[in-house]
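If you're matching them up, the sequences are chains L and R in order. Going by this note's numbering, the first sequence wraps up at 387, each residue one higher than the last. Going by this note's numbering, the second sequence wraps up at 523, each residue one higher than the last.
Simulated from the structure, these hints should not be mistaken for lab results.
Here are some chain L residues pointing at chain R (derived, C-beta under 8 Å):
#1 Tyr135
#2 Tyr140
#3 Gly141
#4 Gly149
#5 Leu150
Backbone N, C-alpha and C define an ideal beta-carbon position, used for all residues, glycine too.
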Amino acid sequence: MSLRNKCAIVGVGQSRIGKVPDRTGMALAADAAKAALDDAGLTPADIDGVLAGYTFTEPYLMLSSVMCEYLGLQPTYSASIMVGGGSAGFMLHHAMHAIVTGAATNVLIVMGENRRTGQTSDDAIAAISKIGHPYYEHPYGAPMPGLYGLVARRHMHEYGTTYEHLAAVSVNTRYHASLNPSAQMRELITVEDVLNSRMISDPFRMLNCCLISDAGGAMIVTSAERAKDLRSAPVYVRGIGEMHTHEHVSMARNLTETGAGRSSEIAYAMAGVGPEDIDYASLYDCFSIVPIMELEELGFVKPGEGGDFFLGGHARLGGQLPVNTHGGMLSHAHAGGAGGLFDITEAALQVRGECGERQVEGAQVALAHVEGGILSAHCTVVVSNTE
Amino acid sequence: MPITRSAPKRDADNTPYWDGAARGELRLQRCAACGVARFYPRLLCPECWSDSVGWFTASGDGTVYSYSVVHRAPSANFADAVPYVVALIDLDEGPRMLSNVEADDPEAVQIGDRVRVRFERVDENSAIPVFVKVAA
Ligand SMILES: [Zn+2]
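Start from the sequences, fold in the hints, and give me the full structure.
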């Protein structure tokens with residue numbers, strides 16, 4: 001049985017984003033959950049499934065149970081799911097399985113983290129760098145940008161990708177963020193600004209790296225049938241696919257050919273569409289090499305052409321394939337699992353036609369690709385406003 | 388300034404590896420069933436799941452597969468060492484490992500550089516394998 005068009009995203013929500021010192025991570029999640037519930041026109045009593053993610057800033061071991069407790073929910077289906085920054089995609093996949101098998105009717109997917117103000121930036125950087133192998137990578141002092149820097153440097157070596165290409169991704173994304181009132185960083189930047197920003201881990205400078213944000217994000221998933229009676233326009237999940245290849249970057253068999261290709265093949269096949277049918281794409285962008293590679297691996301361009309696509313303005317609103325109209329993790333928000341969740345909710349809002357100044361005209365089919373680790377775990381989601 | 392490294396944590400999978408490093412030897416596992424050498428040390432061969440394994444001493448020679456020059460350290464014990472090179476090394480025996488490439492000029496490290504292991508003493512029982520460039 002295929003999951004094609006069996007489920008719909010019927011509510012999306014986010015907290016205030018950026019520096020939100022008056023909110024704990026749990027409160028940010030609660031803000032987002034409330035907004036998503038309101039968007040769907042549902043009440044807390046309607047939620048019988050809850051999927052939570054993970055948090056670096058709060059000490060809860062059983063996060064999904066704590067989340068339900070904090071929100072006063074007693075669902076019949078719940079779990080914490082940790083597959084890195086792309087967790088929201090995998091959570092959506094789990095929610096869909098629960099819905100089609102009848103284990104749950106309305107599933108709340110929710111994550112929030114006060115990563116910006118709930119810890120020092122040194123602690124944030126140390127916590128994120130724990131993604132490296134504790135025995136075989138940590139002794140060498142590889143920070144998160146360095147681990148992705150290994151990937152970027154290899155891509156530059158194999159395909160001639162340049163610092164300007166990497167900068168173009170950040171510039172493109174910031175332009176979109178300037179059109180999004182909720183984005184953390186909205187001031188326009190140039191390629192020169194990126195190239196002159198502080199070196200972090202070569203080839204990444206500060207403006208090639210994702211933000212550290214306080215943010216909560218949530219979405220509500222239900223059956224396609226039930227979605228038709230709810231407040232917001234249904235966003236049907238046409239296709240979804242995963243691929244898992246490793247966790248630690250040193251164990252990746254190939255740094256320029258990741259699991260993104262396979263996860264997208266699965267999603268496209270389920271959806272009955274190809275890259276040429278996609279009107280808008282959210283591409284996970286923790287570091288500016290990643291959207292370049294995703295464009296290539298998801299079949300939007302040929303290998304090695306991702307950088308030119310950004311530099312040529314083709315990923316800009318009005319271009320051939322607008323990418324990350326919300327501003328991505330580079331300019332909108334990155335707060336753990338919530339960052340990847342916004343890739344999916346932006347795709348949903350695009351096909352709902354509710355993106356205001358950043359709306360892709362006539363967007364009907366949208367894609368979100370998220371990943372966790374160092375290009376370790378991939379999930380591709382194809383959504384549409386029609387079945 | 389040198390990096391301040393903490394002693395490696397020995398466990399049932401990796402004790403021969405760290406014991407070897409302490410003696411100045413890069414000890415790797417090789418699957419006795421399919422012959423594939425592996426890193427990091429573990430119970431089953433990731434290729435064929437055989438638990439039949441032998442340890443051997445690798446040449447310590449390898450090639451830089453990729454690298455990044457770190458300017459913003461992940462924690463205080465690396466802060467004084469910036470800029471330093473983190474690299475993926477393809478060992479001549481097959482496995483890939485992450486390490487540092489020590490170089491007077493970090494910017495001079497390139498993909499394809501030939502490197503050789505050097506063991507950096509951490510305490511009396513432990514050493515950590517790092518790599519240095521060798522002349523072409
Ligand atoms: Zn084997």
